[in-house]
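When you get a sec, could you build the whole thing from the sequences and use the hints?
Here are the chains, one letter per residue:
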Amino acid sequence: MENLFIQSDTTTPEIDFKGISGEFKFTGRSFPENVFDFYNPVLDYINLYAKQTAPETVVIFNMSYFNTASYKMIVKILLAFSTIDKNNSPVNIKWCCDVNDLTIVEKGEELKEYLKLNLEIVQAV
Amino acid sequence: MAFLNYFYSKNKIIFVFIGIIIFSWGFSQRAKFVADSLETKLIQFKKRDTLRAEVLIRLATAIYNNGDLQRCLDLVNEAEFIADSLIFKRGQFLYELFYGLHYSQRGDYTKALEYDLAALKIAEELKSKPDMVRLYRNIGTIYHGIRDYKEALRFYFEGLRTAKKEGMKNDIAGLESNIGIVYHMQKEFDKALEFYELSLKTCEENKNKRTKSYVLNSIGKLHHERAQISQQQRDFDLAIKYFKLSLTIKKELKDLKGMSNALGNIGEVYTDLKSYKQALDFFKQGEVLALETNYKDWLREGYSGMATVYNFMSDYKNALLYYKKFMQVKDTLDEIATKERMTKMQGTFDTDKKDKEILLLQKDNELKHVKLGQQNVLLISVIIGLIIVFIFSIIIFRSYRTKKKSNDMLSRQNHIIESHKQQLEIQKKSVTDSINYARKIQNSVFPDLNYIREFFPGTFVCYKPKDIVSGDFYWFMHKNDFSFYAVADCTGHGVPGAFMSLVASSLLNEIVNDQFTSSPSQILSKLHNLVYGTFKQEKGDEYAQDGLDIALVVYDHKKNKLVFSGARNSVIMIRNGMAEMVHATQKSIGGLSIINTPEPDRKFDEIEIVLNKGDLLLMITDGVLDMFNHKKEKYGILRLKGLSQLLWKKEDPKEMEELGNKEIKQWLLNEIQVDDILMSGIKF
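Chain order of the listed sequences is Y and D. Residue numbering for the first sequence follows numbering that gives the first Met the number 0, beginning at 0 and increasing consecutively. Residue numbering for the second sequence follows numbering that gives the first Met the number 0, beginning at 0 and increasing consecutively.
Don't read these hints as lab results, they were simulated from the structure. All values reported here derive from a predicted model rather than from experimental measurement. A virtual CB, placed ideally from N, CA and C, is assigned to each residue, including glycine. Wrong hints could be hidden among the right ones.
[To be verified] The list that follows gives simulated cross-link-like pairs (lysine to aspartate or glutamate, EDC-like), each with its CA atoms no further than 20 Å apart: (1) K465(D) - D8(Y); (2) K88(D) - E22(Y); (3) K640(D) - E105(Y); (4) K427(D) - E32(Y).
[Claimed, not checked] Coverage of chain Y stretches by chain D, computed from C-beta distances (three or more under 8 Å per stretch; other residues unrestricted): (5) 1 to 8; (6) 50 to 59.
[What the hints assert, rightly or not] Not the full set, but computed from the structure, chain D residues with beta-carbon under 7 Å of chain Y: (7) K46; (8) D48; (9) R89; (10) L591; (11) I593; (12) D625.
If you want it as structure tokens, here you go:
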């Protein structure tokens with residue numbers, strides 16, 4: 000499986016996916032005009048990965064800001080990962096943020112509770 | 000003298016070898032269509048990522064045969080840079096493969112080998128078996144071509160092993176046949192035969208007629224060579240038998256050139272058997288087909304064969320006639336070969352090398368003609384001179400035409416862009432006008448600050464939309480002895496956000512007017528019911544799943560009591576200079592639950608706050624916390640608490656507003672504002 004790398008832009012985060020080793024990284028801010036244009040290829044990649052997963056999957060979310068529309072896409076993305084987790088291989092999600100940033104921390108806790116995810120909130124470096 | 004010996008002649012090997020690559024990497028006649036769609040993609044994928052790298056190489060491959068070599072190399076160069084800097088393996092694989100193809104096209108087999116080996120290494124790392132098999136085969140073919148049989152066999156066998164594991168039948172048949180040919184060329188007839196038979200079997204399993212016909216021809220060839228040594232009738236018979244089998248399949252495939260090859264080969268066997276009449280019969284059948292397909296290579300060998308036969312038959316008149324025909328075809332072929340080599344050199348950008356090669360070629364030509372002793376040296380030089388002049392005039396003419404074409408296109412495009420720009424400006428003005436008007440409407444819906452101050456004298460508002468209109472709004476109402484005040488943040492910003500804010504504030508008016516309740520949590524529950532129903536949100540994603548986050552306070556003027564309820568929007572209370580969060584319930588108003596399940600009813604917590612004189616209540620929307628400065632630092636809750644303490648020290652609400660606005664402006668400076676901003680406070 001090929002890697003996927005998308006450079007960050009003013010309104011979109013950096014995407015760095017390594018399907019073979021099962022590493023998925025989101026870094027930056029997300030408030031694009033049209034979330035589907037940006038996130039659909041990302042979701043396609045994850046769905047493709049679901050067919051042939053690595054023994055262990057690590058997802059690193061390091062996003063300092065996302066708007067409501069982006070948050071909905073993040074939920075979709077994490078739902079896809081939780082399906083992978085249930086089906087074949089364990090998925091560990093690292094929710095990196097400034098632990099004083101309550102908005103992001105609360106969103107992480109909410110996702111963990113609703114999607115029953117193996118999600119750990121860690122201080123971003 | 001031999002027919003269908005494409006594996007014996009170096010040039011032809013490379014020709015077939017390139018054919019394989021061209022076929023498998025898909026730049027056929029549809030190339031122009033593919034190239035056009037790739038050009039469009041290249042414009043779309045501006046960012047230097049893996050997608051762009053792949054498009055660059057695919058485009059270079061697609062336009063390779065169109066002649067703009069410099070552009071191809073530029074494209075691949077950029078792809079190389081991207082793939083290397085991102086360690087994008089597939090990209091690296093593709094560019095190595097591209098260079099392998101490029102150098103073998105130019106006849107530089109040492110370099111082609113170098114790049115193909117590099118591509119193979121990456122294909123191995125990527126564990127892409129089909130690519131590996133193809134490369135083993137290609138590399139084997141190059142070694143085969145430069146007559147390094149040991150290495151050729153090594154790669155063929157490696158390819159065979161992998162192809163067998165992957166069940167790639169066509170490749171297995173081809174590789175077995177190639178191995179047979181290598182042994183054949185080294186005169187190891189038994190081993191060669193063994194592999195030819197294996198290949199035949201594979202072809203049959205796989206119904207691969209084309210390869211089967213080649214292998215049958217090779218076996219015929221092998222028996223013919225044996226017969227020439229042993230002079231046994233049995234071997235001659237076998238040779239004829241296999242050439243005839245090959246001929247039958249070529250007929251089925253309607254491969255006229257293939258048929259003429261088989262016929263010519265049979266003619267040669269009969270010549271050796273001294274059955275001259277039969278030999279002539281087969282040669283003549285072959286000649287008809289070769290003339291029909293303008294198959295010059297055949298004609299050269301065939302005419303020579305026929306001249307020989309007539310010679311043996313002592314028919315010197317015909318022998319001379321066919322010898323002349325043979326010379327004619329041979330001269331034409333030599334000329335074509337020279338032309339082809341010159342054209343190839345035209346594409347060479349390395350001038351030194353080009354000059355050297357031209358010199359070599361000229362010397363080569365001269366030598367050949369001196370040997371022949373029949374051709375006029377002067378005539379040849381004139382022809383070469385003319386060819387060079389011809390080539391240069393084509394180059395000049397083409398570059399002139401291309402330049403003119405691109406100039407015309409540029410001016411046309413400029414015109415189109417200019418008119419688009421005007422249209423866009425008109426459209427933009429009309430949209431902006433309409434949004435500016437929308438702002439007027441939104442401002443009229445906002446409560447009048449002076450009216451609010453009749454009930455809360457210490458109220459201030461800092462309001463800064465991301466666009467002209469905003470999804471953030473504040474709302475106020477006074478009824479009986481109760482004052483209701485809210486700060487809310489609707490999903491989205493700009494026009495959609497503003498729509499939502501108008502709906503939400505009129506629903507709030509409706510709830511407080513129609514229902515007799517002063518409980519903020521009940522008002523929020525009702526507001527959720529109404530938003531959920533109004534937007535038909537139970538029907539799922541087809542309908543707007545928008546909503547809002549809100550902080551609502553209700554002040555009882557008689558009891559000097561403040562009750563707060565929040566939907567995902569907390570407030571800050573500052574008392575005696577100490578700032579403290581009063582937390583909202585972590586649920587929004589409106590929308591399905593986050594996992595898209597229906598949720599028509601939501602309950603919200605209520606918190607009662609007994610007020611002291613001088614307390615400051617600060618209500619904000621997310622946009623305040625999410626302000627980024629030029630160092631990409633978020634404003635965040637700690638800084639907000641600091642600001643709220645400074646605000647608390649002020650008495651005059653106008654000064655508070657000034658301080659708030661100044662803080663926002665200083666933090667943002669020229670940075671992009673990610674969301675609408677609203678901050679409002681009441682000093683009691």
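message = Next item in the hint list is L591(D). Is there a CB on chain Y closer than 7 Å to its CB?
response = At 10 Å from the nearest chain Y Cβ, L591(D) fails the 7 Å test, so the hint is violated.
key: Hinted contact D48(D) with chain Y - closest CB pair below 7 Å   = Where the cut-off is 7 Å and the nearest Cβ of chain Y is about 5 Å from D48(D), the hint holds.
inquiry  = Next pair to validate is K88(D) with E22(Y); report whether the Cα-Cα distance is within 20 Å.
reply    = holds (16 Å)
task = Under 7 Å, Cβ to Cβ, is where I593(D) needs to be relative to chain Y, so tell me if that hint holds or is violated.
result = holds (5 Å)
request  = Under 7 Å, Cβ to Cβ, is where D625(D) needs to be relative to chain Y, so tell me if that hint holds or is violated.
outcome  = Holds, because the Cβ-Cβ distance from D625(D) to chain Y comes to roughly 5 Å (cut-off 7 Å).
query = Measuring from the C-beta of R89(D) to each C-beta in chain Y, is the shortest one below 7 Å?
reply = holds (5 Å)
query = Mind checking, does the stretch 50 to 59 of chain Y have 3 or more residues with a CB under 8 Å from chain D?
reply = violated (count 0)
Restraint status (C-alpha distance of K427(D) to E32(Y) at most 20 Å) = holds (17 Å)
query = Is it true that the CA of K465(D) sits at most 20 Å from the CA of D8(Y)?
reply = Answer holds: K465(D) to D8(Y) is near 19 Å, not above 20 Å.
query = Against chain Y, is K46(D) within 7 Å by beta-carbon distance?
reply = holds (5 Å)
8 Å C-beta criterion, at least three residues: is the stretch 1 to 8 of chain Y covered by chain D = holds (count 7)
query = Within 20 Å, alpha carbon to alpha carbon, are K640(D) and E105(Y)?
reply = holds (18 Å)
The structure fails to meet hints 6, 10 from the earlier list, while all remaining hints are met.
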